[in-house]
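S.K.: Each chain, letter by letter, is given below.
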Amino acid sequence: MTLPEFQQYQLQFAGHIRDPQIKPKPAMVQAKRMRVYTQIVFNNLVSSVSACFPICKKVLGKRAWKNLVREFFIQHQCKSPLFRKIPEEFLQFLKTVKGTPPYLYSLAHYEWIELAISVSETGGNAEQIDAEGELLDKQPVFASAMALLSYDYPVHKISPRHKPAESLAEPVHLLVFRNAEDDVRFIELNPATARLLHLLQDGAMTSRQALEQVAAELQHPNPQAAIQFGMGVLGDLQQQGAILGGKV
Amino acid sequence: MASISNIQGTGLGLKRELIPQLQASYGTSLIAAIDFLEIAPENWIGVGGRAGKNLAWLAERFPLAAHGLSLSLGGPDPLNETFLQQVKQFLDRYQIPLYTEHLSYCSDGGYLYDLLPIPFTEEAVRYVAARIHRTQDILERRIAVENASYYVAAPISEMDELTFLKAVLEEADCDLHLDINNVYVNSVNFGFDPHAFLREIPGKRIVYAHIAGHDQEAPDLIIDTHGQDVVDPVWALLKEAYALFGTFPTLLERDTNIPPLPVLMKEVNYIAELQLGQVPRQLLAS
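Chains as they are written, first to last, in this note's numbering: chain A, 12 to 259; chain B, 24 to 309.
It should be emphasised that the hints constitute simulated quantities derived from the structure, not laboratory data.
Just to be clear, a hint being listed does not mean it is correct.
[As the list claims (entries may be wrong)] According to the in silico footprint, chain A covers these stretches of chain B (three or more CB under 8 Å from chain A):
1. 64-70
2. 73-81
3. 144-150
4. 168-179
Each residue gets a CB set at the ideal place from its N, CA and C atoms; glycine is no exception.
The task is simple: from the sequences and hints, build the whole structure.
M.R.: Written out as C-alpha cells, the structure is:
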C-alpha cells in the first residue's frame, strides 16, 4: 500500500534531518529554512546524549563524539517516547556499532547506570526491615535501587589520560546504589565480596549461609574467621546505606 | 477526582532547575501568582528517587497540567497506545485534569525528540483528527491540541495553517491549547497578520494558553527557543485574545537560558495583571 502524500513528505523531511548529507530534502523546500531543522534537532539530540556521557565524550574528543551521535541518529530507531531513555537508546546503539574503542561500551554503561539508579522507581521495600539487630542469621535487605556490576575495563578510572589499551585480567566489580538521601554511591568490591553480594542479592540466604558458601568455594582454611571478616564487610555496607538491615 | 476547573489563572512551566527555588519560596508572596504548574509526562513517567519525591511534593501543593511532547499526533507511525496507557496512569496518579499535545509529529519509525510540522492537507486533517479521537477514547477525557511553531512551509500544503487548525479542531471535536507566542512566531516566519489570525480562532474551544519568548534570528526568522523574555507584540496578542474571548488559564514557558525565579515571576505576575477584571472564557461560554 502506498502512503498518503503527506506522509511520504513527512518521512522524507525527517530522513533528511537525520542524514542531511545523503538523504535529499523534499522537493521545493527552502534550503535555508530546512537547515534550521537539521541543526536544531541534531544539536538537541547531542545535548541530551552528552549530558549522560561526559567522560565518553571527553575520551573520544568532540569531533568523534559528534560523529558517533550522528551515526546514532541515522542508524538507530529510538523506541521510547520518554526523553530520559535517550541514553539507554544510545547504549543499545553502542552495542551494535563498530570502530569505537573496545572499552567504550563499558564506560558508557558505567556512566548510564548512575542516571538509571538515581531515577529508578523502586516502589520501596515491601518487607519489614530490622535496621538495628544482628545481621548474621538474617537475610540482608539491600537499598531498593541498586546494581551489582562487573566490567572488563577499569571504567571508574578511565579519562583522556587513562585509556585502557586492553581488558583487565580480572573484571572490576562495582556496587552502585541509591542511599537514604537519594544520592548515588559506587563501591568497588573485591571478588569475594562481589560473590557474597550476588548470593545475598535475591534475599534467599542469610548472611551466615552465604558466607559459609563463599568460604567453601574459596576453600578458606578458617571458615569461622572468614565469616567474621565477612560480617565486618556487611556491617560496613550497612553503614554506607547499601544494606538497609535484616529481613524480619 | 481533579476537574479541569482546578487549572485556572496563571501558571509556570516546571523545569528541574526551578524546583529548589519553588520549594524555598513556597507560601511566600514571591510565587503567590502561580496558580498551577505544567509538566511534560515524558520527563516524569516512571521517575523515582529525589526527582520523584520532588514531583510528589509539588503535586501535593499545586494543581498540575500536563503538556505532552512525544505523542506524535501527526506522525506516520501507529499511535503509541502503550505509551498512552502510561500517560493515563500518570494523569490519574497525580490527579492531573488537563492533557494537551502539539499539532505536529516527532517520529518516523523512531522518535526524533523534536517537533516537526504536518503538511496542511485534507488527508492530514482526517488522519490527525482520527488519532485525536483515539487518544481521547483511551484517556477517557477531552484533550487540547496546541498550534505549533514551524520554520518550513510544505509545498504540498492545500490550505493555510489557520484553516488546517480549525478543520482539525472541528473534525476531532477537541479543545484548543492556544500558544500565543507560536501565533506570533509563525506570523513573522510566514508573513501574515497575527491579529487577523487570532480573530479567526474558534474561541469557544480555548481551554489553555502558552506565552513565551523566542530568538529573533533574522527579520523574517524567529526560532521558538523559549529562551528570552516575552516581547511586546506577544503581550499585545495575549491582551487582544482576552478581550476577544475572555481569559483562559495561561502559562509562561521558559525552557532555556532560565533566569532566577524572581525574574520569571515578573512575567507570571504580568499575566495575572492582564487577567484582572476580565471575565473568564468558561463563564462567557456557559
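S.K.: Indicate, hint by hint, whether the structure satisfies it.
M.R.: Against the structure, the hints come out as follows:
1. 64-70: holds (count 5)
2. 73-81: holds (count 4)
3. 144-150: Since three or more residues must qualify, the claim that chain A covers the segment 144-150 of chain B holds, with 4 doing so at under 8 Å.
4. 168-179: Held - the segment 168-179 of chain B has 6 residues with a Cβ nearer than 8 Å to chain A, which meets the minimum of three.
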